[in-house]
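Protein sequences appear in the order of chains S and R.
So the first sequence is numbered by the numbering used here: it starts at 203 and just counts up by one.
So the second sequence is numbered by the numbering used here: it starts at 24 and just counts up by one.
Treat the hints as calculated values from the structure; they're not laboratory data.
This one's a predicted model, so the numbers in the text were calculated from it and none came from an experiment.
Even for Gly, the Cβ is constructed at its ideal location relative to N, Cα and C.
It is possible that part of the hints are untrue.
Below, computed lysine to any residue pairings styled on SDA-like, alpha-carbon distance capped at 25 Å [claimed, not checked]:
#, chain 1, residue 1, chain 2, residue 2
1, R, 274, S, 293
2, R, 118, S, 230
3, R, 167, R, 135
4, R, 274, R, 166
Here are the in silico distance ranges between beta carbons for each label pair [claimed, not checked]:
#, chain 1, residue 1, chain 2, residue 2, range
5, R, 183, S, 295, 32 to 42 Å
6, R, 160, S, 245, 53 to 63 Å
7, R, 262, S, 291, 24 to 34 Å
8, S, 290, R, 76, 46 to 56 Å
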Amino acid sequence: MESKEPLSPHIQIYRWHISSLVSISHRITGIVNIIIITLICVWASLLLLGESKYETINFFLNSFIGKFIILGITWSFIFQILSEIRHLIMDLGYGFEPLITKITGLIVICGSIILTIIFYLIGKNFI
Amino acid sequence: MALINLPENSKVQKGKYFKDKTGSENLRKVNIYRWDPSTGENPRIDTYEVDMNNCPSKVLDILNKIKNEIDPTIAYRRSCAHGVCGSCAMNMGGKNGLACTKPHAEIDGDIDIYPLPHLKVKKDLIGDLDGLYKQYQSIEPWLKTNSKSETSEIIQSKKDREKLDGAYECIMCACCSTSCPSYWWNGDKYLGPAVLLQAYRWIVDSRDQERESRLKKVADELKLYRCHTILNCTSACPKGLNPAKAIAEIKKMLATANI
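Generate coordinates for the entire structure from the input sequences, incorporating the hints supplied.
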């Protein structure tokens, strides 16, 4: 039975800040990464089916959408790793001061974007 | 399971608009969550135009002004007005805090005032904190000693006393617990930052002799480890305390202790 008393608004009204954004993104990228790893496995097993299948995937990944997806995957993994390092440091009991959490959160967000660009440039120019 | 949307009877509707009658030039719009238990209606947002030329600096002053001069039906808790009692904890401008210590100048645009998030509303800005108090009781927040014959004072060194700094100042206003998404969705089992900070306060007290059983009691997948360091609690605490760090310290103690 639903209670007569209403529930006060929560996520609808609560303001986001860097730490909560990093925390929710950490969870989302975690789930995305598991799906991606599964897809990479499927991709690898498709190689067994011969050259034509490989060509299809190659064509898709070289298209604009394919490249966009790969960049997204790269970002998702880098974000997860950086954020996990932040969590590990917190598990040791450091970095809980409000200013420090803001700075480490910003490092995770900006770092993930910068590293993604660097990875992209390395991939484009050297591989 | 996390319910993102509000239940049907909690959906907020547009309410009344109270136009300014003073003719002041310096007006601010204040949106306040209202719910009257005597009617069967859904909660609504009433908007008040408040003359800021004759209003002191804190959000509680605005509420008092509205109650005294515009709409006496509005209900909210308040007592000391100096950030000591914790009665006027509410959500202002999207962040929890004490209305009596929060300057309204810090809020941009219209001032939105809601009760503390994810609580059963009793009336207007008054949330039901029974669950939190029961959880507080469950950690047995009093000094426990095994000795029956002890008659003398239990001495505490200055150094041991310092361990309580940052924990004993908590006024149990519930700003932190009700800011925590984990507590919103697991509040029946997860103890939440306010209660865990108090659990920590008794665990580290050198005079307490039940440290181990206190640790054992709190070492639970749901009671403690639902903390995912979102850190809404620390950013919300109006007393500048750090519940997230206290929870991390409890986790650390559990990881390193042989219990």
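Hint by hint, here is what the structure shows:
1. R:274 - S:293: 8 Å, holds
2. R:118 - S:230: 24 Å, holds
3. R:167 - R:135: With a Cα-Cα distance of about 44 Å, the restraint between residue 167 of chain R and residue 135 of chain R is violated, given a limit of 25 Å.
4. R:274 - R:166: 22 Å, holds
5. R:183 - S:295: 32 to 42 Å: 19 Å, violated
6. R:160 - S:245: 53 to 63 Å: 55 Å, holds
7. R:262 - S:291: 24 to 34 Å: Given about 25 Å between the Cβ atoms, the range holds.
8. S:290 - R:76: 46 to 56 Å: The hint (46 to 56 Å, Cβ to Cβ) holds, given that residue 290 of chain S and residue 76 of chain R are roughly 53 Å apart.
Checked against the numbered hints above, the structure violates hints 3, 5; every other hint is satisfied.
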